[in-house]
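Novice: Okay, here's what each chain looks like letter by letter:
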Amino acid sequence: MGWESWVISTFARALAYGTPLLLGTLGEIFAERSGVLNLGIEGMMIMGAYSAFVVTYTTGHPWLGILVAAVVGGAFSLIHAFATVTLKANQVVSGLALTMLGLGLSGVLGRSWVGLPLFTTLRNVTVPGLSAIPIIGPGLFTRQNLLVYITMLLVPILWYILFHTRIGITIRAVGEDPAAADSLGVNVDRVRYLCVVVGGVFAGIAGAYLSVAYRPAWTEGMTGGMGWIVIALTIFAFWNPVYGLLGSYLFAALYHLSYRLQTWVSPELLKAMPYVFAIIILIFVSRGTLQKRMGSPAALGVPYTRGEE
Amino acid sequence: MQAPKWLNIERRPIPSGRTIFTVSILAIVAALIVMAIFFAAYGVSPARAYGAILHGALGNWRGFSETLRRMIPLLLCGVGLTVAFRAQFWNIGADGQLLFGAMAATWVALFSGLQGPLVIPVMFLAGFVAGALWGLIPAVLKVKMGINDVITTLMMNYIAMYVALFLIHGPWKGPSVRGYPLTDIFPPAARIPTIGDTHVHWPTLVLGLVLAIVAYIMLNRTRSGFEIKVVGENPHAARFAGMSELKTVVIAMLISGGLAGLAGVGEVAGVQLRLLDPNQISMGYGYTAIIVAWLARKNPLGVIITAFFFGVLMAGGDVIKVNLGLPFQLINVFNGVIMFFLIGSEIFMRYRIALRRA
Amino acid sequence: MASDGVNLSVRKGEIHCLLGENGAGKTTLMRILYGLYQPDEGEIVLNGNPVHISSPRAALSYHIGMVHQHFRLVPTLSVAENVVLGLDEGTGPFLNYRQTGKKISQIADKYGLVVDPQAKVWQLTVGQQQRVEILKALYREADILIMDEPTSVLTPQEVDQLFSTLRTLVDDGLTIIFITHKLDEVMEISDRVTILRKGKAIATVNTADTNKPQLAELMVGREVVFRLEKNEVNRGEGLLVVDDLHALNDRGLPALRGTSFDLHEGEILGVAGVSGNGQRELAEVLTGLRHASRGHVTLAGEDVTNRSAREIADASVAYVPMERKKMGTVPNMTIRENLILKSYRQRPFSHGMFLDNNAAGENARRAMSEYQIMAPSIDTAVKVLSGGNIQRVVLARELSGDPRLIIAAHPTYGLDVGATEQVRQILLAQRDRGAGVLLISEDLEEVMSMSDRIMVLFGGEVMGIVDAGGAKIEEIGLMMAGERKEGVESASAKVA
Chain A
1 MGWESWVIST FARALAYGTP LLLGTLGEIF AERSGVLNLG IEGMMIMGAY
51 SAFVVTYTTG HPWLGILVAA VVGGAFSLIH AFATVTLKAN QVVSGLALTM
101 LGLGLSGVLG RSWVGLPLFT TLRNVTVPGL SAIPIIGPGL FTRQNLLVYI
151 TMLLVPILWY ILFHTRIGIT IRAVGEDPAA ADSLGVNVDR VRYLCVVVGG
201 VFAGIAGAYL SVAYRPAWTE GMTGGMGWIV IALTIFAFWN PVYGLLGSYL
251 FAALYHLSYR LQTWVSPELL KAMPYVFAII ILIFVSRGTL QKRMGSPAAL
301 GVPYTRGEE
Chain B
1001 MQAPKWLNIE RRPIPSGRTI FTVSILAIVA ALIVMAIFFA AYGVSPARAY
1051 GAILHGALGN WRGFSETLRR MIPLLLCGVG LTVAFRAQFW NIGADGQLLF
1101 GAMAATWVAL FSGLQGPLVI PVMFLAGFVA GALWGLIPAV LKVKMGINDV
1151 ITTLMMNYIA MYVALFLIHG PWKGPSVRGY PLTDIFPPAA RIPTIGDTHV
1201 HWPTLVLGLV LAIVAYIMLN RTRSGFEIKV VGENPHAARF AGMSELKTVV
1251 IAMLISGGLA GLAGVGEVAG VQLRLLDPNQ ISMGYGYTAI IVAWLARKNP
1301 LGVIITAFFF GVLMAGGDVI KVNLGLPFQL INVFNGVIMF FLIGSEIFMR
1351 YRIALRRA
Chain C
2001 MASDGVNLSV RKGEIHCLLG ENGAGKTTLM RILYGLYQPD EGEIVLNGNP
2051 VHISSPRAAL SYHIGMVHQH FRLVPTLSVA ENVVLGLDEG TGPFLNYRQT
2101 GKKISQIADK YGLVVDPQAK VWQLTVGQQQ RVEILKALYR EADILIMDEP
2151 TSVLTPQEVD QLFSTLRTLV DDGLTIIFIT HKLDEVMEIS DRVTILRKGK
2201 AIATVNTADT NKPQLAELMV GREVVFRLEK NEVNRGEGLL VVDDLHALND
2251 RGLPALRGTS FDLHEGEILG VAGVSGNGQR ELAEVLTGLR HASRGHVTLA
2301 GEDVTNRSAR EIADASVAYV PMERKKMGTV PNMTIRENLI LKSYRQRPFS
2351 HGMFLDNNAA GENARRAMSE YQIMAPSIDT AVKVLSGGNI QRVVLARELS
2401 GDPRLIIAAH PTYGLDVGAT EQVRQILLAQ RDRGAGVLLI SEDLEEVMSM
2451 SDRIMVLFGG EVMGIVDAGG AKIEEIGLMM AGERKEGVES ASAKVA
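Taken in order, these protein sequences are the chains called A, B and C. Under my numbering, the first residue of the first sequence carries the number 1, and numbering increases by one thereafter. Under my numbering, the first residue of the second sequence carries the number 1001, and numbering increases by one thereafter. Under my numbering, the first residue of the third sequence carries the number 2001, and numbering increases by one thereafter.
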């Protein structure tokens, strides 16, 4: 029965590690769909991790910590939105600045919290019924914390919102052709603000998950570049929440397996895969019709000013 | 931008040199003030903290050598970035290009079989080529396929990092280091001479200064430099003038990547003397260099000053950590803050804001 | 003044055409009606009530819809999504695809607009995309539909389909305002037509009571054209021969459909026509900035078809483009640098790979005095200069080196009186020197007074070439509006 337990543990680990990736990716998908590139995710994530840890440690309520992390992430992203949408500043610089700020600030503020143990974390939950399904049950639905399941449920909801609701159409229009949307009375700025803040909120929650559930502790820089992986995963997901789920869990599984697979593939090269694939996908969708079908939002990264045609 | 009724916002046609300079200084000052607040929050008087930084980074030889050591890669990367930015190519990948330069130098030092006085020049050459090629790929992708340069250069940073990790964990792991992920130490012929027992590998520094001047001359006095500026400022006019956008951007990125590669050679053959964990080598120099280049207003000569300034800052960060118990991460905070003030200052340069007289 | 005391009255249930050439004020008027501009004076009265239209949303609330010349569609979204975009219906945030699709199909069937609501817009033909634009307006219950040059992007069959759609709409009680410069269309589709010229409404007539020559005359006027003092033309050798040129525009539609003409040394050939009929694409093909899919361009006996921009510039061809800031100069760079934009590779401006800034400076000083460029110094950035001075910089650069062929596109556009005069004199001087000048301009007076011969482009074809001396403005007006000169064959009738 060896391989079964191996598969089950892989599923379980994939879910655990994939959840923060997925949260971050979902948020970034929304931001980029509206046309704003947010390179500040890493900073927002780590600030989320820090604030969640502090709040949880002092109050003993992990969900409160997650909530505060969401607010912190959102506040950070508000800065990014203000700089890039209202002031029309360069999105790259603003994002990088926020990452540096987030890393620095969390490192500075978090110094006295390093190494403190966290006893109150999220409880593990087992889904009744579903957990009885062979292999998948124990792998996916047993003893994961609630946030994992919430994130899974978010995927179809966000997918539906993006592709089947009025607000989703508006977001996609703003990211593809803000001039057209503007001429139809859409408030481009407001939509972009909303999406960037959503991205920040999700990034904050992702960070919170890390410090409160995944590895309940606080260390400087504990996000370890997860924000950059999210940027790659957003491309890998073709800006679609459903593929985002697949990509996040797949990458998490590979990450977990990388040491087991050592004899065949070097773990470092395996970890480089999301970045390589992101570039390959970008090349793939740069051609003509593929660009339109599945490519990046056409206005991504470009500040919008009315009247500039 | 919809202006509130009580503000009069009008576009400045073109900011004078004086305005640019003043606004940049103001941004730095504002950032320094914010840092002062942080110092105070830690119970350390800002005057004492800044005094310690200045004294530690400039006031004694040990500290000054650390400043110079930090300045070298910032200078090389920064100059390279000014060239890329002038062509409107957003090279966020200097870290990765630096790493490739480091890896190429490591190969020359440990695995090429080369001996003698040729080793160091060949390392520099190999490092330049490796960094240049790593920078070439995103350039071609952008011009030929319209793929976003920010994302590709960013991704390639991480690919470079993992390639380096792979090498030090695997084929290049030094037999003499007992299982640690490091290469062997470089043989003496492959070590760049340093001043005394400091980390200041002065040939690289000289190289950096010379290349800053060369880059300045190139941008302002050669045909290629002219083409880079035109392609960057107005690609339509460049086409109209018969310039090849592809060729121009490629040249700019070969230079930018190559210079970052040289920085990598310096770090690995001048400071660390072996290839180790990529984060220890690149130390985010590639990202800091973005601020360095921008603050210098994309002028290679200005980079000499701004690279020095940030060298002081980074050396100062060590000082305040050791002497005053303040966290090194404050430097990152400073970097973030100053970037924001620079963004804000761009707005002030573009618009003249005054209170509207009713 | 884009609109000067325009009075327009449109009856319900009619197709009313607005006819005029460029700059006549049609687009401005329509933008006012659609809420994109606000009038300084005057009022709009709708169904007997004065209304204030402050934005497109307001226009829609008054049931005024507009189909723009350049569609406002998001290519990656579906038809249904585009139709619904921007609407704040009361049905909440969720899009009921089936219901929306059904309603769209209902409207479509009613008016014969065949379109699949689920199709992505980028997959549709231009004609189909236009139908989506119309559907957008109809979905929002527009009963006045403004159409801005709708046939400029359609094939003849699609035009027929559009017209039958419009007739169905009108039968159902809608009112259509149709902006055009093509007489054929006016005669075919409209009930009444208002002619605009230079911002004024000249006349409103019943279509049934008028004819094309009359309309053309109203469109361009009968006043005596201001004649410039110029020397007799000294037509020299054949310089440029353009044969059966075909090219696509930026949207992939045919812009040049078999253009043929020739140009001699020492003459000015004016290209008249409403903009959008291929003039821009012609200039770009001739200067190596656009690919010609068929046909030949011969310069002084040499075939230069599809040569690169650099080669053509090296062949002594000068181009004064219409977009001074976007294409003709690098606004952030200095006068000194802009003046060597094309010649920087040659001596004396560069030796090997190094630029000679002193030589460039000398050149700049000379150009500034010769062309009276007003600027603080040769190192002033071009973008702070006035339009007239920017054009002087462009001319100084392009005309240095005594080019054989000069292509000037709208050279006096946006310039003040003094600069305009100077530019015209410069071009005339070039022509006297023996250069061949292709003058593209929307200003009919300018074309008529400066040219030695006049060619009219319409729909990417040459409608006719006449001698400027004896040309009558009505004749040219007719050609500009789509009427071929007698004896001129349709190029598309010549099958390869």
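Don't take every hint at face value.
Unchecked claim - Dumping the calculated DSS-like pairs for lysine-lysine here, alpha-carbon to alpha-carbon at most 27 Å:
{"hint": "1", "chain 1": "C", "residue 1": "K2485", "chain 2": "B", "residue 2": "K1298"}
{"hint": "2", "chain 1": "A", "residue 1": "K88", "chain 2": "C", "residue 2": "K2012"}
{"hint": "3", "chain 1": "C", "residue 1": "K2325", "chain 2": "B", "residue 2": "K1144"}
{"hint": "4", "chain 1": "C", "residue 1": "K2012", "chain 2": "C", "residue 2": "K2103"}
{"hint": "5", "chain 1": "C", "residue 1": "K2325", "chain 2": "B", "residue 2": "K1298"}
{"hint": "6", "chain 1": "C", "residue 1": "K2120", "chain 2": "A", "residue 2": "K292"}
{"hint": "7", "chain 1": "A", "residue 1": "K292", "chain 2": "C", "residue 2": "K2102"}
What the hints contain is simulated information worked out from the structure, not anything from laboratory work.
Novice: Give a verdict on every hint.
Specialist: Going through the hints against the structure:
1. C:K2485 to B:K1298: violated (58 Å)
2. A:K88 to C:K2012: violated (45 Å)
3. C:K2325 to B:K1144: holds (25 Å)
4. C:K2012 to C:K2103: holds (25 Å)
5. C:K2325 to B:K1298: holds (23 Å)
6. C:K2120 to A:K292: holds (9 Å)
7. A:K292 to C:K2102: Roughly 26 Å between the alpha carbons, so the hint for K292 (chain A) and K2102 (chain C) holds.
This entry does not satisfy hints 1, 2, going by the numbered hints stated previously.
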